Amino acid sequence: MTTDIDARVIHLIAQLVPVKEKDIKPEQRLRDDLGMDSVSSMELLSMLAEDFELDVGIEDVADVHTVAATIELVKVFLAKKAA
Amino acid sequence: MQALTTDTDGGVVDALLEQTARFCAREVDARAIDAAAQIPSAVLEGLGALGLFGVTLPEAHGGAGLSLADACRVVEVLARFDRSVAVSVGLHLGLGTRGLVRYGTPAQHARWLPALASGACVAAFSTTEPGAGSDLSALRTTATEDGERLRVSGEKSYVTNGAFAGLFTVAVSTPGLGGAQRGQSLLLVEPTDAGFAVQREEHKLGLKGSSTTGLLFDDATLPRDRLLGEPGQGARMLQHILSWGRTLMSAGCCGGAAFAIDKALAHTAQRTQFGRPLAALDVVQERLARLRARHFAMEALVMATAAQADDDALATHSLAAKVFCSEGAGFVADEALQLHGALGFIEDTGLALVVRDVRVTRIFEGANDVLLTHLGQSELLRLATKPVDAGAPALDRALADFARALHDTHRLRIFRAPRLLHALGAATQWVMASRAATARAHHTMQPTHLALAQLVEQEARSAVSRAAAVTADAAVFQQALGLERLGVTP
Ligand SMILES: Cc1cc2nc3c(=O)[nH]c(=O)nc-3n(C[C@H](O)[C@H](O)[C@H](O)COP(=O)(O)OP(=O)(O)OC[C@H]3O[C@@H](n4cnc5c(N)ncnc54)[C@H](O)[C@@H]3O)c2cc1C
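Chains as they are written, first to last, in this note's numbering: chain G, 1 to 83; chain C, 1 to 490.
For the record, the hints were derived by calculation from the structure and aren't laboratory data. A few of these clues could be false.
Far from chain G, by Cβ distances over 12 Å, these chain C residues were calculated [what the hints assert, rightly or not]:
id : residue
1  : 338
2  : 483
3  : 487
Quick partial rundown of chain G residues pointing at chain C, CB under 8 Å, derived from the structure [as the list claims (entries may be wrong)]:
id : residue
4  : 18
5  : 35
6  : 38
7  : 39
8  : 46
9  : 50
10 : 56
11 : 57
12 : 58
13 : 59
No experiment lies behind these values; they were computed from the predicted model shown. Idealized CB from N, CA, C, for every residue including glycine.
Modelling step: build the complete structure from the supplied sequences, incorporating the hints.
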């Protein structure tokens with residue numbers, strides 16, 4: 001089931017990659033499927049941290065390689081923020 | 001000055017370098033090339049006959065199949081004699097042909113590589129456009145599918161070898177091609193293609209013998225088999241091609257610096273003032289030693305870069321090498337000129353030309369200011385995945401502390417603060433250069449090398465301290481500029 005958070009994350013990803021928003025799927029890899037490099041994926045995570053007002057550090061994102069993992073990261077940090 | 005060294009079949013490469021140096025000493029007249037703003041065709045033909053245009057091209061197609069490191073040695077030797085010649089050949093071996101060699105199909109190889117290897121066909125490479133310089137995502141030149149053909153429209157700028165190239169690797173925007181909505185692709189273009197035209201020669205500050213032209217695609221039509229590599233994956237291919245180009249360009253900087261240092265050493269040894277040679281003054285000795293140290297580190301970093309087998313590591317190293325060597329060569333050329341006094345300012349001495357020729361190396365193949373930001377980003381990521389332990393050398397720890405402090409203060413926002421990343425990149429290039437210089441000195445264990453590496457390390461330590469003094473507060477700069485008056489919104 002897609003949520004508002006999923007859609008918002010995918011919308012932000014679409015700003016940075018040469019792929020249409022509707023074609024971005026959770027299982028896709030940021031690098032191999034969406035053509036991001038390590039730097040642009042950090043830029044994305046930085047945009048997400050700002051957009052969702054999350055206190056994320058580099059060490060938290062080292063294992064984030066897919067769209068699904070990106071969405072999950074946002075959800076985990078939103079839950080932390082709410083707690 | 002000594003030259004770059006590699007581990008490959010030393011005999012073959014050494015012989016080639018010797019022949020190249022002999023040919024250049026006989027045929028290459030840098031001042032005449034500068035005055036005529038052209039490399040004589042006899043020189044290009046002679047370099048072709050030596051096999052220099054095929055150094056990195058596959059043996060199966062007439063090349064020598066040598067490594068990037070070996071090609072660096074060739075470019076370095078050429079740059080000792082003339083930078084325009086070094087750039088023309090270096091661009092052919094790197095940016096011009098690397099894409100075709102790595103991503104081309106067997107049919108594309110068979111069609112173009114033999115002539116490229118012999119030098120009968122010289123290669124050029126084009127990304128820059130009037131509206132897309134540092135920002136390569138802004139390419140406007142567009143190729144669209146039209147049945148089995150591609151239609152291309154747009155304008156390109158500053159293409160090295162443009163006037164005489166027989167093959168151009170051109171980056172274009174290809175919306176939708178290969179499924180990538182905003183993708184870019186690489187095209188192989190010949191000067192005779194319908195709708196394609198090479199524009200006039202630019203007049204430049206230096207590097208005058210190297211051709212620099214624009215390109216015009218006026219609804220040009222190309223067969224579909226001119227696509228190089230996977231359509232839509234241009235950005236990724238460009239990273240690899242640019243890594244090669246930057247490494248070779250850095251090797252050229254080593255050659256120019258070696259020429260300038262040789263001149264400075266010879267001049268200060270024979271020029272007598274205050275009753276003794278200039279080189280007997282301790283203040284001059286320190287400057288000469290610092291020039292040699294910088295050059296030693298430049299060479300070490302180029303060799304360390306060319307030895308990287310992994311694409312990402314090559315990309316990061318090539319950023320550091322490009323910036324460090326272009327800045328280093330500029331510094332060395334300027335200092336060597338200064339040590340000649342008035343003579344340095346006179347064209348006959350040859351240093352004025354080196355100063356003019358080297359200036360562009362801080363701009364082309366990516367402006368250094370932009371590349372340092374990328375290097376800072378890479379370093380932050382590297383330190384996040386591979387933290388530096390307490391037993392690491394002091395210089396590595398100092399750099400890691402700086403990066404850690406930036407990250408702790410700004411968290412992920414740091415990736416959108418170019419000024420801070422730039423400062424980190426500036427420190428990183430010095431640390432990488434010092435690491436390479438130390439490794440080189442420990443490999444040879446020559447006392448001179450150990451002393452040179454020690455000087456480099458001292459400078460690297462100062463560079464890290466200077467960079468770490470960067471302030472996060474941009475408001476003072478904006479106030480000092482009066483941005484509103486310029487009509488720019490921060
Ligand atoms: C002699 C010569 C040969 C060349 N050969 C080729 C070639 O063969 N093929 C090719 O494709 N191109 C070539 N170029 C073009 C060259 O690569 C570009 O000039 C270069 O990438 C910079 O782009 P720009 O000139 O548009 O500068 P701009 O992008 O307009 O930038 C101007 C300046 O602004 C600053 N700046 C810009 N962006 C940033 C940023 N993000 N952070 C910090 N500072 C910034 C830098 O100081 C930069 O120098 C050549 C250029 C010259 C002069």
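- Measuring from the C-beta of residue 39(G) to each C-beta in chain C, is the shortest one below 8 Å? holds, 5 Å
- Query: Does the nearest C-beta of chain C fall within a distance shorter than 8 Å of the C-beta of residue 38(G)?
  - Reply: holds, 5 Å
- Item | Satisfaction of the residue 58(G) interface hint, Cβ to chain C closer than 8 Å | Hint holds; residue 58(G) Cβ to chain C Cβ min 4 Å, cut 8 Å.
- Against chain C, run the beta carbon of residue 18(G) and see if the smallest gap drops under 8 Å. Holds, about 4 Å.
- Message: Please check whether residue 56(G) passes as an interface residue: C-beta within 8 Å of a C-beta belonging to chain C.
- Response: With a minimum Cβ separation of about 5 Å from chain C (threshold 8 Å), the hint on residue 56(G) holds.
- Interface hint outcome for residue 59(G) [beta carbon to chain C under 8 Å]: holds, 6 Å
- Does the CB of residue 57(G) sit less than 8 Å away from some CB of chain C? Because about 6 Å separates residue 57(G) from the closest Cβ in chain C, which is inside the 8 Å limit, the hint holds.
- Message: If I take the minimum Cβ distance from residue 338(C) to any residue of chain G, is it greater than 12 Å?
- Response: Correct as stated: the minimum Cβ-Cβ distance to chain G is 38 Å, above 12 Å.
- Message: A cut-off of 12 Å on Cβ-Cβ distance, and residue 483(C) was said to be off the interface with chain G. Does that hold?
- Response: Consistent with the label, residue 483(C) stays out of reach of chain G, its closest Cβ about 22 Å off (over 12 Å).
- Item | Given hint residue 50(G) near chain C, where the shortest CB pair must fall under 8 Å | holds, 7 Å
- Holds or violated: is there a CB of chain C closer than 8 Å to the CB of residue 46(G)? Nearest chain C Cβ about 4 Å off; hint holds.
- Given as non-interface: residue 487(C), partner chain G, CB spacing beyond 12 Å: Check passes; 26 Å lies beyond 12 Å.
Hint compliance for this structure: every hint is met.
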